[in-house]
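Novice: Using the sequences and the accompanying hints, generate a full structural model.
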Amino acid sequence: MKVMVLVKANEASEAGEMPSEEMLTQMGAYNEELVNAGIMLAGDGLHPSVKGARVNFHADGGTTVTDGPFAETKELLAGYWVWQVKDMDEAIEWARRMPNPEAEGAESSVEIRPVFTEEDFGDALTPDLKAQEDELRRRVEEQQQ
Amino acid sequence: MTEPAISRSIEAVWRIESTRLIAGLARFTGGDLDQAEDLAQDALLAAMEHWPETGVPANPGAWLISTAKNRAIDRHRRGRNLDDKYQQIGRETETRTDSVEAEVEARESDVVGDDVLSLIFTTCHPLLSREARVALTLRLLGGLTTEEIDRAFLAPKATIAQRITRAKRTLAEAKVPFEVPSEEDLERRLASVLEVIYLIFNEGYSAASGDDWMRPEMCEEAMRLGRTLATLLPDEPEVHGLVALMEIQASRMQTRVNSRGEPVLLLDQDRGRWDHLLINRGLAALERSESLGVPYGPYTLQAAIAACHARAVTASDTDWKRIVALYDALAEAQPSPVVELNRAVAVSMAYGPEEGLKLVDRLLGVTELSGYHFLPGVRGDLLQKLGRYDEAKLEFERAADLAGNRVEREVMLARAGECST
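Taken in order, these protein sequences are the chains called A and B. The numbering of the first sequence is numbering that gives the first Met the number 0, which starts it at 0 and goes up by one. The numbering of the second sequence is numbering that gives the first Met the number 0, which starts it at 0 and goes up by one.
Where hints are given, some of them may not hold.
[Unchecked claim] Per the computed footprint, the stretches of chain B lying under chain A, defined by three or more beta-carbons under 8 Å from a beta-carbon of chain A, are:
1) 23 to 29
2) 216 to 225
[Stated by the list, open to error] One-sided excerpt, in silico: chain B residues whose CB lies under 10 Å from chain A:
3) I15
4) T18
5) V55
6) P59
7) G112
8) V115
9) L228
10) A229
11) T230
12) L276
13) K384
What the hints contain is simulated information worked out from the structure, not anything from laboratory work. Each residue gets a CB set at the ideal place from its N, CA and C atoms; glycine is no exception.
Specialist: See below:
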């Protein structure tokens with residue numbers, strides 16, 4: 000199964016502070032372990048929310064845009080991984096091994112969420128939706144060429 | 000943590016640590032896999048006994064290996080187990096440093112990597128039959144229980160257990176050294192390792208027997224092994240080639256079967272639902288392999304063919320001429336009637352069904368293909384495209400007779416039905 004591991008933001012990450020060299024080294028070693036174990040499919044760090052934006056949808060069909068930063072630090076994300084693991088227990092065990100930013104006084108938590116698979120959708124993906132997706136994909140590819 | 004929660008996390012620790020644990024212990028027992036596994040199981044039992052009270056230790060891997068080694072010493076001291084094997088290990092251990100844990104911590108990570116690599120080469124030793132290699136590799140490197148392995152192979156538990164025991168005995172009797180093969184032997188030994196990994200993958204991807212068409216856990220297990228191997232042998236192009244092949248094939252896992260459980264052919268699949276994360280990983284691995292130089296090996300060539308499909312936005316965009324050229328190279332690198340059959344399909348797509356049929360007809364007398372349902376399946380398809388429905392129907396019926404599982408049989412019968420109307 001695939002899981003997404005969401006690394007929550009904290010005050011330091013939102014302030015754009017880089018982790019200490021020691022933390023970076025530990026994080027590098029941890030990432031290497033994930034790669035060596037063959038479970039890491041992808042992962043990235045995110046800029047603080049000050050560089051982000053939100054698009055809000057309204058009942059009347061309109062949209063508004065809010066620029067960052069956003070206030071609710073603990074609900075923001077600072078990074079993510081995508082792992083391929085056997086089950087949630089394995090994902091939890093790997094997550095426990097992450098270098099702990101708390102040691103440097105930065106509050107931290109990660110959230111693990113299983114990625115939807117085809118079976119979870121059942122028949123919700125109708126032929127019409129499929130055709131629509133195909134068309135969209137073709138157009139995106141054309142633009143890239 | 001509650002009881003069930005802790006036992007689940009012990010299981011997860013086992014899955015993560017067992018390979019390194021068994022590899023480290025196998026180095027310690029001089030390559031005796033049976034002893035190594037025994038000691039590892041002992042450490043696991045100890046964990047199940049202690050961790051519910053103490054919680055999972057901060058470094059569970061180090062805890063397990065030092066416990067395993069201490070158990071070996073205990074057995075020796077108490078003299079309860081008078082088997083020479085434990086005496087010998089005990090003696091060796093006692094002459095080592097007192098703190099096994101310190102020793103473990105001090106071990107460089109590349110030494111651990113070497114142990115794991117030695118373990119892979121040992122469980123995939125060409126001395127063993129394919130079945131034995133696959134079972135032993137899954138057992139010692141996959142962190143799977145015997146139950147899980149036998150569920151995967153639909154074989155009775157006793158059969159798999161016996162196969163594993165016999166394999167370990169064969170290795171011990173032949174005194175197979177626990178090591179990474181030397182330069183001159185590496186190519187042959189690596190071929191055996193790659194074969195095992197790809198067999199495991201295929202066991203999941205296209206289940207040869209039984210009613211399920213795919214067992215994704217087996218594919219994931221093989222991909223994991225392949226990716227690990229790629230980090231341990233980064234300069235071997237075929238390792239990256241195999242990883243690329245598996246990643247790209249796995250990217251289609253969710254679209255190969257429709258909601259009724261019937262297979263969907265590559266060209267009819269919904270490409271928007273292919274797993275693009277896996278495709279990108281596969282293309283990157285292919286690039287790594289190709290950057291290591293020519294001539295390309297069979298896995299790299301197969302990955303390159305798979306990549307042609309992955310890159311085509313729609314089925315009609317497929318570069319069939321390039322695929323034919325890649326099959327030409329593959330037929331040279333690894334001549335086989337199955338490759339010829341696939342090449343014939345590519346030729347029919349690039350140059351028309353008539354051309355493809357000529358090549359297929361040349362394969363009709365080949366003994367290796369006599370029980371292979373794809374041959375009549377492909378021939379039926381080409382005949383149908385040429386409007387020769389009566390002949391096509393017979394071929395589809397023959398393919399249905401030869402198909403190894405229910406789903407494939409039904410698909411062939413349905414195709415035969417199309418030809419009668």
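Novice: When the hints from earlier in the document are held up against this structure, which numbers fail?
Specialist: 1 and 13
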